[in-house]
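Now for the letters of each chain:
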Amino acid sequence: MSRAAQPLVELRGVRAAYGPIEVLRGVDLTLGAGEVLAVLGPNGAGKTTLLNVLAGLHPLAGGDVILAGRRVNAASATARARAGLCLIPEGRGVFPNLTVRENLRMAAGIARGRRRAAVEEAAYDRFPKLRDRRRQLAGTLSGGEQQMLALARGLATDPAVLVLDELSMGLAPLVVEQLYGQVAGMARAGVSVLVVEQFARVVMGVADRAALLVQGRVAAVGLPGEIESKLSSAYLGG
Amino acid sequence: MTETSERVEQFRADVAGMKLRDPATGLDRLLVKLGVAGLVAGPCFGVAAWFISHGTRNPLQQRDAIVVGLLGLTFAVVGAALFVKGALARFLRFWMARLVYEQQVQADRVAAARGNGDRRYPVG
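If you read the sequences in order, they're chains A and B. In terms of the working numbering, the first sequence has 76 at position 76, counting the first letter as 1, and numbering is strictly consecutive. Every number in the working numbering is 238 more than the matching position in the second sequence, counting from 1.
Fair warning: there could be bad hints in the mix.
[Claimed, not checked] According to the in silico footprint, chain A covers these stretches of chain B (three or more CB under 8 Å from chain A):
1. 246-252
2. 345-352
[Claimed, not checked] With a cut-off of at most 20 Å between alpha-carbon atoms, the simulated SDA-like pairs for lysine to any residue come out as follows:
3. K257(B) - R70(A)
4. K257(B) - N73(A)
5. K257(B) - R82(A)
6. K257(B) - A79(A)
7. K257(B) - R71(A)
8. K129(A) - A118(A)
9. K257(B) - D64(A)
10. K230(A) - N43(A)
11. K257(B) - S76(A)
12. K257(B) - I66(A)
13. K271(B) - E244(B)
14. K129(A) - A349(B)
15. K257(B) - L57(A)
16. K257(B) - K230(A)
17. K257(B) - E247(B)
18. K129(A) - G93(A)
19. K257(B) - A55(A)
20. K257(B) - A74(A)
21. K129(A) - A117(A)
22. K257(B) - G69(A)
23. K257(B) - L60(A)
24. K257(B) - T78(A)
25. K257(B) - P59(A)
Read the hints as simulated data drawn from the structure, not as lab findings. On a predicted model such as this, the values are computed, not experimentally measured, just so you know. We put the CB at the ideal spot given by N, CA and C, even for glycine.
Just chain A, with the same shape it has in the complex:
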């Protein structure tokens, strides 16, 4: 396979478990450069575990995680993050007891060759609301603003692969639309995005491909339109 055609992320027969309970049962997925892949599925399908395995936060029970053609099963989460794999976890992943500015500065600490002020300015340009809130504790922001901050922190690290877990959780539709607008912008700029969502509709307009995860297995992969038609049976068990 040529380097250009080689997927940036590849999961081969990935298995993971919590003690005796097997959550992922041989997941195969690929994510190309600049592609947006939506992983959908009902609650408990193993979506978050899949992302944690990819990010190196949860141990593999079997299979391979391959980044840019290299098997990285033994790479730590830190090494994967340093290479450019950025996970924005469910529940926003901001430091609640730090201000917005401090949160951004922490992210700027691992940004490649970018000055803190430049990272901050880029974040404020992308999310102007954060500029007004820069002295406010992150934990006291609204849910949408916290998610904006999480996204801004992720982007500050100049990721090659952005992994988003339930970006829309608990947010108003208008905010979700705005956040996914930013995700679409990142994808246009060439960042590969793997996004997990329980509520499929919001992500379908942004995704290039979608995968349906049911009970730890990929039930279907295809264009968003094709997968959308299979969602109700997967969610309702029909």
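Please arrange chain B on chain A, whose structure you already have, making use of the hints.
Positioned in the frame of chain A, the structure of chain B alone reads:
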């Protein structure tokens, strides 16, 4: 953000340059093993020093025994420190994660009590 293809190439290069290690041979385990070795070797040196010093009337050899004894003490102290460091590292990581989580919950409580996320805290 850097140029797309440039960033992708950088990502490929960074992944190719990753140092992969077997988690089973992690530093923590190595430190614990070294610590245990030090803890075992220390008393052995001490016992050896006792036998050396009691087996001779030569003051030079007795001084050697003192050196051996002190070496044993050093091994035991350093070994204990390494053992505690290695053994506690994992526990402390979880402790830190728990601390962050509790702070998050506390901040949520404060935010909920204030009833308005837009109000500012007097910070810095």
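Here's how the hints hold up against the structure:
Residues of the stretch 246-252 of chain B with a Cβ under 8 Å from some Cβ of chain A number 5, which satisfies the need for three, so the listed coverage holds. A stretch counts as covered by a chain when three or more of its residues have a beta carbon under 8 Å from one of that chain; for the stretch 345-352 of chain B and chain A the count is 5, and the coverage holds. Only pairs whose Cα atoms come within 20 Å are accepted, and K257(B) paired with R70(A) is accepted, the gap being roughly 12 Å. Restraint check for K257(B) and N73(A): the C-alpha separation of about 12 Å stays at or below 20 Å, so the hint holds.
Between K257(B) and R82(A), the direct Cα distance comes to roughly 12 Å. Compliance with the 20 Å bound is thereby established for this hinted pair. A distance of roughly 8 Å separates the Cα atoms of K257(B) and A79(A); the hinted pair therefore holds under the 20 Å criterion. Using a Cα cut-off of 20 Å, the hinted pair K257(B) and R71(A) holds, with the two alpha carbons roughly 12 Å apart. Straight-line distance between C-alpha atoms of K129(A) and A118(A) comes to about 17 Å, which keeps the hinted pair within the 20 Å bound.
Using a Cα cut-off of 20 Å, the hinted pair K257(B) and D64(A) holds, with the two alpha carbons roughly 17 Å apart. Taken as a hint, the K230(A) and N43(A) pair is honoured in the structure, with Cα atoms around 16 Å apart against an allowance of 20 Å. Proposed proximity of K257(B) and S76(A) is supported: the alpha carbons are some 10 Å apart, at most 20 Å. The hinted pair formed by K257(B) and I66(A) meets the criterion: a straight-line CA distance of about 14 Å does not exceed 20 Å.
A distance of roughly 44 Å separates the Cα atoms of K271(B) and E244(B); the hinted pair therefore is violated under the 20 Å criterion. Taking the CA atoms of K129(A) and A349(B), the gap is about 18 Å. The hint holds against a cut of 20 Å. As the CA atoms of K257(B) and L57(A) are separated by approximately 17 Å, the hinted pair is consistent with the 20 Å bound. A hinted pair counts as satisfied when its Cα atoms are at most 20 Å apart, and K257(B) with K230(A) does not qualify at roughly 42 Å.
Straight-line distance between C-alpha atoms of K257(B) and E247(B) comes to about 18 Å, which keeps the hinted pair within the 20 Å bound. Distance check on the hinted pair: K129(A) and G93(A) sit about 18 Å apart at the alpha-carbon level, within 20 Å; holds. Distance restraint check for K257(B) and A55(A): the Cα-Cα separation of roughly 16 Å lies within the 20 Å cut-off, and the hinted pair is therefore satisfied. A hinted pair counts as satisfied when its Cα atoms are at most 20 Å apart, and K257(B) with A74(A) qualifies at roughly 9 Å.
Annotation: proposed proximity of K129(A) to A117(A) holds, straight-line Cα distance about 17 Å (limit 20 Å). Of the pairs offered as hints, the one joining K257(B) and G69(A) holds, with about 15 Å between alpha carbons and a cut-off of 20 Å not exceeded. Distance restraint check for K257(B) and L60(A): the Cα-Cα separation of roughly 18 Å lies within the 20 Å cut-off, and the hinted pair is therefore satisfied. With a C-alpha separation of about 12 Å, the suggested pairing of K257(B) with T78(A) holds against the 20 Å cut-off.
Between K257(B) and P59(A), the direct Cα distance comes to roughly 18 Å. Compliance with the 20 Å bound is thereby established for this hinted pair.
Comparing the model with each numbered hint stated earlier shows that hints 13 and 16 do not hold.
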